[in-house]
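A.B. asks: Now for the letters of each chain:
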Amino acid sequence: MYSQKVMECFMNPQNVGEIENADGVGTVGNPKCGDIMKIYLQIEDNIIRDAKFKTFGCGAAIATSAMLTQMIKGKSIEEAMKVTNKAVADALDGLPPVKMHCSCLAEEALKAALWNYAERNGITIEGLTPPANHHEEDHAAAAEEN
Amino acid sequence: MYSQKVMECFMNPQNVGEIENADGVGTVGNPKCGDIMKIYLQIEDNIIRDAKFKTFGCGAAIATSAMLTQMIKGKSIEEAMKVTNKAVADALDGLPPVKMHCSCLAEEALKAALWNYAERNGITIEGLTPPANHHEEDHAAAAEEN
Amino acid sequence: MIYLDHAATTPVKPEVLEAMLPYFTEHYGNPSSVYKIAQRNKKAIDDARAVVAGHLGAQPNEIFFTSGGTEADNWAIKGIAAALKEKGNHVITTNIEHHAVLHPCQYLEKQGYEVTYLEVNADGLVSAEQVEAAIRPETILITIMYANNEIGTIMPIAEIGAVAKKHGITFHTDAVQAVGQLPIDVRAQNIDLLSLSGHKFYGPKGTGALYIRRGLKLPPLLHGGGQERSRRAGTENVPGIVGLATALDLAYQDLEAKNAKLKALRDYLIDGIEARIPYCRLNGHREARLPNNVNVSFEFIEGESLLLLLDMEGIAASSGSACTSGSLDPSHVLLALGLPYEQAHGSIRFTLGENNTREEMDVVLAKLPPFVEKLRSMSPLYEDFVRQNS
Amino acid sequence: MIYLDHAATTPVKPEVLEAMLPYFTEHYGNPSSVYKIAQRNKKAIDDARAVVAGHLGAQPNEIFFTSGGTEADNWAIKGIAAALKEKGNHVITTNIEHHAVLHPCQYLEKQGYEVTYLEVNADGLVSAEQVEAAIRPETILITIMYANNEIGTIMPIAEIGAVAKKHGITFHTDAVQAVGQLPIDVRAQNIDLLSLSGHKFYGPKGTGALYIRRGLKLPPLLHGGGQERSRRAGTENVPGIVGLATALDLAYQDLEAKNAKLKALRDYLIDGIEARIPYCRLNGHREARLPNNVNVSFEFIEGESLLLLLDMEGIAASSGSACTSGSLDPSHVLLALGLPYEQAHGSIRFTLGENNTREEMDVVLAKLPPFVEKLRSMSPLYEDFVRQNS
Ligand SMILES: Cc1ncc(COP(=O)(O)O)c(C=O)c1O
Ligand SMILES: Cc1ncc(COP(=O)(O)O)c(C=O)c1O
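Residue numbers (the numbering used here), protein chains in the order written: chain P, 1 to 146; chain D, 1 to 146; chain H, 1 to 390; chain L, 1 to 390.
Keep in mind that a hint or two might mislead.
In silico PhoX-like cross-links for lysine-lysine, where the CA-CA straight-line distance does not exceed 25 Å [stated by the list, open to error]:
1) D:Lys5 to H:Lys374
2) D:Lys52 to H:Lys374
3) L:Lys165 to H:Lys110
4) L:Lys87 to D:Lys5
5) H:Lys367 to D:Lys5
6) L:Lys36 to H:Lys367
7) L:Lys374 to P:Lys73
8) L:Lys217 to L:Lys85
9) P:Lys5 to L:Lys374
10) L:Lys110 to H:Lys110
11) H:Lys36 to L:Lys374
12) P:Lys5 to H:Lys110
13) H:Lys374 to L:Lys42
14) P:Lys32 to L:Lys85
15) L:Lys42 to H:Lys36
16) D:Lys73 to D:Lys52
17) L:Lys87 to H:Lys110
18) H:Lys43 to P:Lys5
19) D:Lys5 to L:Lys261
20) H:Lys217 to L:Lys87
21) D:Lys73 to H:Lys374
22) L:Lys110 to H:Lys85
23) H:Lys85 to L:Lys367
24) H:Lys87 to L:Lys110
25) L:Lys42 to P:Lys5
26) H:Lys36 to P:Lys5
27) H:Lys374 to D:Lys32
28) L:Lys217 to H:Lys110
29) L:Lys43 to D:Lys5
Residues from chain H that face chain D, not an exhaustive set, calculated with beta carbons under 8 Å [claimed, not checked]:
30) Leu216
31) Pro220
32) Ile277
33) Glu302
34) Pro330
35) Tyr341
36) Glu342
37) His345
38) Glu373
39) Ser377
40) Met378
Keep in mind the hints are simulated off the structure, nothing from the lab. By construction, the Cβ of each residue, glycine as well, lies at the ideal position given by its N, Cα and C atoms.
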C-alpha cells in the first residue's frame with residue numbers, strides 16, 4: 001500500500017528527536033485520530049537551520065514527518081511556507097488516499113511551529129494563520145474489520 | 001433423485017396402451033400440473049383381468065401408472081380398492097417427496113376407472129366415492145430455476 | 001456426456017481454476033490487512049475489477065463484487081426501492097424475468113410498492129414503447145432482463161435504456177445470461193445497474209457482480225465491514241473474484257468467432273428437430289436470441305420424462321418447465337408466451353457451450369425422435385389428438 | 001513468513017482444496033437440475049449440511065448455506081426484525097459486536113427499531129443478568145457474539161441462551177470466531193440462530209452458513225430461486241460448500257489437543273511480552289478467551305507503525321485498531337473496554353493458528369522489544385511521559 005519511498009522514510013526516518021531550546025515548537029493532531037506530530041525548529045537569520053520531529057502515528061505519519069523536516073532544513077521561512085502537503089506527498093512518491101491527511105498534518109505541524117516562533121519573537125509571517133486542530137473533524141471513512 | 005426401481009418402471013413401463021371396449025376408464029389430473037393419467041380396466045367376474053394406462057407426465061407419473069396397473073391385475077375389485085398410493089410408492093422403493101402426488105394421482109385414476117365401471121353397471125363399490133379433481137389445488141412448492 | 005445445459009451452469013475452465021488456485025493456499029491474506037501478503041490480494045481484486053469494467057464499458061470503481069447474480073439482482077432492486085421511496089413507489093419489469101428479479105419485485109409489492117409486469121409478445125419480447133407507456137410520475141425503477149434464461153430472447157436494451165434516460169428513471173438489467181455471450185456497453189446502452197453471475201461463463205459458482213453507475217445512490221444490501229468501498233460488506237472471495245474476471249476475459253476472447261460457431265450449431269439443432277419431429281415449436285424469438293439457446297415444445301409429452309430418457313443416454317438438457325426442480329408449476333416464461341399448460345410442460349431447453357460439436361448434435365437428433373415417439377405413444381393427449389384427426 | 005492473523009482469515013488447507021477441486025471442473029452440474037451429474041452435486045451439498053449440523057448439535061435441515069458470516073448476520077438480524085415487527089421493535093446487542101452485526105442494528109434503528117447496546121466490562125464481557133435487565137415487553141431479538149474477533153473474549157452464551165428462552169425471545173449469536181475453535185451445542189445453549197464463516201477455520205472465503213432453529217420463521221434476505229428450501233436463493237456454491245464442511249470437520253478433529261497446544265503458545269507469547277516490554281496491557285479476559293487470541297496495547301505508540309515493522313521482518317499481525325484498513329477511527333471494541341484513544345490506537349492482535357510454533361513465538365518476542373523501543377523513541381507521548389516521571 002505504501003510506496004518504497006514511504007517505507008524507506010519510515011524505516012530509517014531522518015530528524016527524529018528533540019531540539020533543546022528550540023526556537024519554535026508545534027504540536028498538532030489528537031489521540032482520537034491516532035496521529036500526534038510535534039515539530040521542533042531551530043531558526044537563525046530567518047533560515048531553518050535544523051528541524052526535528054516526534055510522531056505518534058502510522059507509517060505514513062512518521063514518513064511525512066521525516067520528509068517534511070528534511071525538505072525544510074536550510075530553507076528560509078518564506079520558502080518553508082511554500083512546502084505544501086502535496087509537495088511532501090509527492091516527494092514520497094505519493095500516499096494512499098486514506099493517508100493524505102498525514103501530509104496535511106505535517107504541513108500543519110510546521111505552521112504551528114512557525115506560529116510559535118513568530119509569537120515568541122513578536123513577528124508576523126506572511127500568510128500564516130493560527131493553528132487550528134483540524135482533526136476534530138469527523139472521519140467518515142468506514143471501517144473494515146476482519 | 002429417483003430410485004432404480006422407478007427408473008426401471010419408467011424406462012420399460014408395463015401395461016402401456018388402451019383396452020378396446022374397456023369395462024371402466026378413468027382419467028385424472030390436469031395439464032396445469034403437468035400430469036394426466038388415464039386408466040383402462042377390463043373386469044370380469046369382479047376380477048381385474050387387464051389394466052392399461054396412458055400417462056402424460058413426469059418419470060414418476062409414468063412409473064407409478066405402470067406399477068399400479070401391474071399391482072391390480074388379477075385382483076378382485078375389493079382387493080384393488082386396498083392398493084393405496086403408499087403401497088405403490090413403496091413398491092417403487094419410494095418416491096422423492098415432491099413426487100408423492102404422482103402416486104396419489106395413480107390411486108385416483110384407478111378409483112375413477114372403478115367408478116366408471118360401477119356407474120356403467122349400476123353397482124356400488126364399498127368405499128368408493130365419485131372422483132374429484134384434486135389437482136385443482138394449488139401447488140405451493142417454490143420453483144428453482146437456473 | 002453431452003452437456004447441453006450451459007444456461008444452468010458451466011464448468012470452470014482449467015485456465016480459470018489455474019488462476020484461482022494460488023489464492024486458496026498461498027496468497028490467502030485478508031485483502032483488508034496492512035501487511036504485504038494481503039496487499040497482493042488487494043491488487044488481485046483491483047485488477048479483476050478493471051477487467052470486468054473493461055468488458056462492460058464501465059469504470060473500475062463502478063464494479064462491486066457479490067456472491068452471485070441473485071445477490072446482485074436483490075441488491076439493485078431493493079436498494080433502489082429503498083433509496084427512492086420518497087420519490088415514488090412504482091417499478092416496471094416484465095413477466096418473464098428470472099425469479100431473482102420477480103421475487104424481489106413481489107417482496108416490494110408486499111411493502112406497498114406497485115409493480116407493472118409488462119407482458120411479452122409471443123416471441124418473448126417487450127418493446128421500448130411498452131416500457132415508455134407504463135411510466136408514471138411515481139416510477140422509480142425499470143428492471144428488464146438483458147436475455148431470458150429459458151427462451152434466450154434478447155430484449156431491446158439500448159432502446160429501453162434510452163427511454164429510461166429520457167424520463168430520468170433508473171434502469172437495471174439482469175444480464176446474467178448475456179454477459180460473456182453478448183457485447184455490452186453500459187454507457188452506450190444507458191444502463192444504470194447491471195447484474196452478472198460468474199458461473200454462467202465458465203467462472204466459479206458463488207461469484208457475481210453489480211455494476212452501479214457512478215453517482216447512483218444505492219444503499220448496501222449487506223451491512224458490515226468496509227469492503228467494496230463500504231457498499232458490500234464481507235471478506236472478499238479472492239479466488240472467486242479472480243476466477244470470475246479470468247473467465248470473463250476468456251469469454252470475450254474471439255467472441256464473434258465463437259458466437260458464429262454456436263449459432264451454426266444452434267440452427268443445425270433447431271432445423272434438425274423441426275425436420276424430424278412433427279408437432280413441435282421453437283419458443284422465443286428466432287433471431288433476437290442468444291447464440292446458444294434452443295427451446296422447443298414437443299406437443300403431447302411432458303418435459304421431465306423426455307429429460308430422463310436423454311439423461312439415460314448421457315445427454316444433459318433442461319426442462320423449460322420448472323417442474324423438474326421441485327415445483328409443479330409450469331414455467332412462467334412459457335405461459336407468458338401464450339403457450340397452453342400442456343405445451344409449457346412439454347418444453348426442453350438445450351443450451352450449447354463452446355465445446356459442443358456437430359457430432360453431438362447428430363447424436364441428439366438421432367435419439368430425440370424415437371424418445372418423443374415413445375412418450376407420445378404413452379400419452380393420453382396424443383391418443384385424443386389422433387382420434388380427433390383420424 | 002510468520003502468519004499471526006488467523007482471526008482475519010486462514011489459508012485453505014490442502015485437504016480442503018483437494019475436496020473442492022472436482023466440483024469446479026468435473027462435477028459442475030447445477031444441483032437443481034434433474035440429470036444424474038447434477039444429482040451428485042445435490043448429494044454433496046446434503047452431505048455437507050449434515051456435517052455442519054453435526055458439529056453444532058443441529059439437524060441438517062436447520063443449516064442454510066450463505067456467502068459468508070456477513071450475509072448470515074444480516075439475514076438473521078434483518079429477518080427477525082421484519083418477521084416480528086408486529087410483536088415489537090426492540091433489539092438487544094453489545095457494544096463490541098463485529099460491524100456485520102452493528103451495522104445491521106444501526107440500519108434497523110433508522111427503520112424505527114430501538115437497539116440496546118449493552119456495555120461490556122473492562123474484560124469485554126456482558127453478563128446474562130445485564131441481558132435480562134435490558135429485556136422489555138417489545139424485545140424481539142437478542143444478538144450477542146459468541147467470541148469477539150479483536151480481543152477473543154468468550155461470552156456466557158449458554159447463560160444468555162437460558163435467559164432468552166425463559167423470556168421467549170429469539171437469540172442469535174455471531175459465532176464466526178468461535179466455530180471451529182470452541183465446542184458448540186445449539187440445543188444445550190438455547191441458540192436460535194447462529195452465524196459462521198468458512199474462511200475462519202481453513203475453509204474458503206465467500207462461504208458461510210446460518211443455523212436456523214427448526215420452526216423459526218425467518219424470511220429470506222435473498223429472494224429468487226428455490227435453493228436452500230426457498231430460504232436462500234442463488235445457485236449453490238458447490239465447491240465452496242464442500243470446502244466449508246470439509247474444513248469444519250478437520251477443525252473439530254482433535255480439538256482438545258489442538259486447543260491445548262494453542263493455549264500454551266498463546267500464554268507463552270503473552271507472558272513473554274509482559275516480561276519483556278514495560279507499559280503494555282493484555283486486552284480481553286485472561287481466561288474466557290479464544291485459545292488463539294493475544295491482544296496487547298503498547299502504550300505511547302501507534303499500532304500500524306508497529307505492524308509495518310513486524311511486516312518487514314515477515315511477521316503478519318493485525319492492528320487492534322481498524323485504522324489500518326481505511327478508517328481513522330480507533331477500534332470500537334477497545335474503546336468499549338475503557339481504553340483511552342491512544343491506547344486503543346496502540347494495540348496489536350496476534351491470532352495463532354494450528355501451524356504456528358514456539359520458535360516463531362521466540363522470533364516475535366525477540367523482534368518486538370526493539371521495535372516498540374524504536375517507536376517510543378519517536379513518540380511525543382513517550383517524551384511527555386518520561387518528562388513527567390523523571
Ligand atoms: C437470468 C438470470 N438471472 C439471475 C440468475 C441467478 O444467478 P445466480 O444463481 O448465480 O444467483 C440466473 C441463473 O440462475 C439467471 O439465469
Ligand atoms: C465476529 C465476526 N463476525 C462476522 C464476520 C464477517 O464474516 P465474513 O467476512 O466472512 O463475512 C467476521 C470476520 O470478518 C467476524 O470476525
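A.B. asks: Next step is simple, just say for each hint if it's right about the structure.
C.D. replies: These are the hints, each one checked on the structure:
Restraint check for lysine 5 of chain D and lysine 374 of chain H: satisfied, since their Cα atoms lie roughly 20 Å apart, inside the 25 Å limit. Only pairs whose Cα atoms come within 25 Å are accepted, and lysine 52 of chain D paired with lysine 374 of chain H is accepted, the gap being roughly 16 Å. At most 25 Å may separate the alpha-carbon atoms for a hinted pair to count; lysine 165 of chain L and lysine 110 of chain H exceed this at roughly 31 Å. Simply put, lysine 87 of chain L and lysine 5 of chain D have alpha-carbon atoms about 50 Å apart, too far for the 25 Å limit, and the pair is violated.
For a cut-off of 25 Å, the pair hint linking lysine 367 of chain H to lysine 5 of chain D stands: about 23 Å separates their Cα positions. Taken as a hint, the lysine 36 of chain L and lysine 367 of chain H pair is honoured in the structure, with Cα atoms around 18 Å apart against an allowance of 25 Å. Distance restraint check for lysine 374 of chain L and lysine 73 of chain P: the Cα-Cα separation of roughly 23 Å lies within the 25 Å cut-off, and the hinted pair is therefore satisfied. The hinted pair formed by lysine 217 of chain L and lysine 85 of chain L meets the criterion: a straight-line CA distance of about 12 Å does not exceed 25 Å.
Proximity of lysine 5 of chain P to lysine 374 of chain L is assessed by CA-CA distance (about 20 Å); at most 25 Å being required, the pair is judged to hold. For a cut-off of 25 Å, the pair hint linking lysine 110 of chain L to lysine 110 of chain H stands: about 20 Å separates their Cα positions. A hinted pair counts as satisfied when its Cα atoms are at most 25 Å apart, and lysine 36 of chain H with lysine 374 of chain L qualifies at roughly 21 Å. For the hint pairing lysine 5 of chain P with lysine 110 of chain H, the CA-to-CA distance comes to about 57 Å; that exceeds 25 Å, so the pair is violated.
As the CA atoms of lysine 374 of chain H and lysine 42 of chain L are separated by approximately 29 Å, the hinted pair breaks the 25 Å bound. A C-alpha spacing of about 38 Å is found between lysine 32 of chain P and lysine 85 of chain L, which places the hinted pair above 25 Å, so the restraint is violated. Distance restraint check for lysine 42 of chain L and lysine 36 of chain H: the Cα-Cα separation of roughly 39 Å exceeds the 25 Å cut-off, and the hinted pair is therefore not satisfied. For the hint linking lysine 73 of chain D to lysine 52 of chain D, the alpha-carbon distance of about 9 Å falls within 25 Å, and the restraint holds.
About 18 Å separates the Cα atoms of lysine 87 of chain L and lysine 110 of chain H, which keeps this hinted pair within 25 Å; it holds. For the proposed pair lysine 43 of chain H and lysine 5 of chain P, the alpha carbon gap of about 19 Å is at most 25 Å, so the pair holds. Between lysine 5 of chain D and lysine 261 of chain L the CA atoms are separated by roughly 53 Å; this puts the pair beyond 25 Å, and the hint is violated. For a cut-off of 25 Å, the pair hint linking lysine 217 of chain H to lysine 87 of chain L is broken: about 32 Å separates their Cα positions.
Among the hinted pairs, lysine 73 of chain D with lysine 374 of chain H is consistent with the structure: their alpha-carbon atoms are about 23 Å apart, no more than 25 Å. Restraint check for lysine 110 of chain L and lysine 85 of chain H: the C-alpha separation of about 14 Å stays at or below 25 Å, so the hint holds. Among the hinted pairs, lysine 85 of chain H with lysine 367 of chain L is inconsistent with the structure: their alpha-carbon atoms are about 56 Å apart, more than 25 Å. In summary, the hint linking lysine 87 of chain H to lysine 110 of chain L is supported, as the alpha carbons are separated by about 18 Å, within the 25 Å threshold.
With a C-alpha separation of about 53 Å, the suggested pairing of lysine 42 of chain L with lysine 5 of chain P is violated against the 25 Å cut-off. For the given pair, lysine 36 of chain H sits about 15 Å from lysine 5 of chain P by alpha-carbon distance, which is consistent with the 25 Å threshold. Distance check on the hinted pair: lysine 374 of chain H and lysine 32 of chain D sit about 22 Å apart at the alpha-carbon level, within 25 Å; holds. With a C-alpha separation of about 17 Å, the suggested pairing of lysine 217 of chain L with lysine 110 of chain H holds against the 25 Å cut-off.
With a C-alpha separation of about 19 Å, the suggested pair lysine 43 of chain L and lysine 5 of chain D falls inside the 25 Å cut-off, and the hint holds. For leucine 216 of chain H, the interface hint is violated, since its Cβ never comes within 8 Å of a Cβ in chain D; the closest pair sits about 28 Å apart. The interface hint given for proline 220 of chain H is broken, as the beta carbon of that residue sits about 26 Å from the closest beta carbon of chain D, more than 8 Å. At its closest, the beta carbon of isoleucine 277 of chain H sits 17 Å from a beta carbon of chain D; the interface hint therefore is violated under the 8 Å criterion.
Because the smallest distance between the Cβ of glutamate 302 of chain H and any Cβ of chain D comes to about 5 Å, under 8 Å, the interface hint for this residue holds. Of the supplied interface hints, the one on proline 330 of chain H holds, with its beta-carbon coming within about 6 Å of a beta-carbon of chain D, less than 8 Å. The beta carbon of tyrosine 341 of chain H comes within 4 Å of a beta carbon in chain D, closer than 8 Å, and the hint placing it at the interface holds. Of the supplied interface hints, the one on glutamate 342 of chain H holds, with its beta-carbon coming within about 4 Å of a beta-carbon of chain D, less than 8 Å.
Interface hint status for histidine 345 of chain H: upheld, as the beta-carbon distance to the closest one in chain D is roughly 4 Å, under 8 Å. For glutamate 373 of chain H, the shortest C-beta to C-beta distance to chain D is roughly 13 Å, which exceeds 8 Å, and the interface hint is violated. A least Cβ separation of about 7 Å between serine 377 of chain H and chain D falls short of the 8 Å threshold, and the interface hint therefore holds. For methionine 378 of chain H, the interface hint holds, the least distance from its beta-carbon to any beta-carbon of chain D being 5 Å, beneath 8 Å.
Violated hints, listed in ascending order, are 3, 4, 12, 13, 14, 15, 19, 20, 23, 25, 30, 31, 32 and 38; each of the other numbered hints is respected by the structure.
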